[in-house]
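**Student:** For reference, the chains in residue letters:
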Amino acid sequence: MTTITDTVPVAAPASARTGRRGSRARHGNRGYVFVAPFLVCFLLLFLLPLGYAAYLSLFKDRLVGGTVFVGLANYARAVQDPQLIDGVLRVALFFLIQVPIMLAVALFAALAIDSGLLRVASLFRLGIFIPYAVPSVVATLMWGYLYGPDFGPLAQLGDRLGFTAPDLLSSTSMLSSLGNVVTWEFAGYNMIILYAALRTVPADRYEAAAVDGAGAWRTAWHIKIPALRPALLLCLIFSVIGSFQLFAEPNLLQRLAPTVINSSYTPNLYAYRLAFTSQEVNYAAAVSFLLGFVILVVSYVVLFSTSRSRRR
Amino acid sequence: MTTVKLSRRRANGLTLAMTALLVYFVFPLFWLVVASTKTTGDLFSTLGLWFGHDFALVGNIRETFSHNHGEYARWLANTLVYSVVSALGAASLATFAGYGFAQYTFRGRSPMLGLVLGTIMVPTTALAIPTYLLFSKAGLVNTPWAIILPSLVSPFGLFLMWVYARDAVSESMVEAARIDGAGELTIFFRVALRSLAPGFVTVLLFTLVATWNNYFLPLIMLNDPRYYPITVGLSSWAAQAVGGSGSNADLLAAVVTGSLLSIIPLIAAFVLLQRFWQSGLSAGAVKE
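Those protein sequence lines, which keep their order, are chains A and B.
Quick note on numbering: the first sequence equals residues 1 to 312 in my numbering.
Quick note on numbering: the second sequence equals residues 1001 to 1288 in my numbering.
Since the hints were made in silico from the structure, they are not lab data.
Remember, predicted model here, so these are calculated numbers, not experimental data.
Take the hints with a grain of salt, since some may be wrong.
[As the list claims (entries may be wrong)] What the simulated footprint calls covered on chain B by chain A, stretch by stretch (three residues with Cβ under 8 Å from a Cβ of chain A suffice, anywhere in the stretch; the number is not a length):
1. 1025–1033
2. 1047–1053
3. 1061–1071
4. 1181–1189
5. 1262–1274
Even for Gly, the Cβ is constructed at its ideal location relative to N, Cα and C.
Please model the entire structure based on the sequences and the hints provided.
**Tutor:** Below, the structure is given as structure tokens:
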């Protein structure tokens, strides 16, 4: 035993490669024991539903003749469906406006907390992160009441001071009001990702900057922000997914403003209505797929464009 | 001397800006706390930013838990069961598999890993309707399984654990245990698991939050209010409180108080487990 532990550190650099190859020879397919439970669940609960929905999306329920195979007709209908297109464009607009604001807030907060200039940094960190622990349902209920004309503080203040408070649930301000809820929910989460990445920037880079006489702002701009690229990209990808599948927030605000948020306000609301209200299961499957596809495409566009600009 | 003064002024400006941000993020929660001490009447008649005439918190809590035969407590218990079982299951599966992919070479490893990692970007709600369609075929809708089973598979959790297991598990210790004649499972539980624990807790926490906060999946899977988690339950109460007046007027105070009570456990968990989610997140954020 002693000899082994003595020799291991010496052999470590070499064994990193040969050791792994050696374990394959000796242990055959033992790795399957570890990965099998996950893969079985993945197959049954991830790939199988997708496969089944893909299959369903190729059929159509006819009043006469029952369910018939229609090929890609559901998809052809979906790409021309004005309600779906409207929804996709709306969430795309939402993404383009809300996400930069949210990430700017998160980046600012992360840099501020990391700067060492704040006295109670941990209080700020926790306070800004806390909304992440609040379910979107509760967050939207809360903000809905805050926006609302009945007992929202803004409307109340307007009432008492004699001005007309802006209607935050009107058709012109609804998207911003939604954006505010989502920013409130997720800015802290993104801040934590960015902050965690900042903690791993090697200290010698800061020392070099300090020797050069760089202040806190220049250090942030020239060293910290470039080092945050991968983490920012991760946040951006998560935000693509979050924006395009927006559901809970508009679903709950719909009750307060039924004329503003219709049942195809976002693609997910639309898919939900198709599957559960109008019982167009086959078409809903196609819409779900198409939405997943749109999200994949946007994610890869984001990945591609950022990695290209890095190479430059 | 001047630079010291300058940097102090900067620090003050920064503190001011961050305080403004903190107020923005905490203010709705403050409103919620204030609102749950008010009767429904006071909610309408007194200013939302400060306490009302009566301190009705205890009465509101009683109303929240007794409304409609105490369904709130049931929803809370459902949520707890769904999220704890899902989180333990998902974190175990991901840890096991992440370790397997990181430590072993076997036939089909790279394509299988690639397949799973390629689905990280498949959004959960795009998967929800397909899962519903399959589960209704299999007779699983409107059961607790309809919520727990889909939450068990977390491709992102696997990614996190795979990255984590590559870095955190000491190759030499595993090799030493192997030479001592330990079996692969013994090595995992006795040697590797200790180093994997922070990653495990991270995946645990994030699945816990995701399941606790999930709304779309339970909304489509469940019709029976007995199985509702707290999110769908509160949403159904809120719908009644908006639509109805008169008999449902008191429900509003219960919605507000129920909202407050429902967020306390998760906030407490995050405050207590700060060390874990912060260290675990950095593993996922730094590696591409």
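**Student:** Just to make sure I understand the rule, a stretch counts as covered if three or more of its residues have a C-beta closer than 8 Å to a C-beta of the chain. Does the stretch 1025–1033 of chain B meet that for chain A?
**Tutor:** holds (count 6)
**Student:** Count the residues of the stretch 1047–1053 of chain B with a beta-carbon closer than 8 Å to any beta-carbon of chain A: does the count reach three?
**Tutor:** holds (count 3)
**Student:** For the stretch 1061–1071 of chain B, count the residues whose Cβ lies under 8 Å from any Cβ of chain A; is that count three or more?
**Tutor:** violated (count 0)
**Student:** Taking beta carbons only, do three or more residues of the stretch 1181–1189 of chain B come closer than 8 Å to chain A?
**Tutor:** Answer holds; 3 residues pass the 8 Å Cβ test.
**Student:** Is the coverage entry for the stretch 1262–1274 of chain B by chain A consistent with the three-residue Cβ rule at 8 Å?
**Tutor:** Per the Cβ count (8), the hint holds.
Going down the numbered hints, you'll see the structure goes against just number 3.
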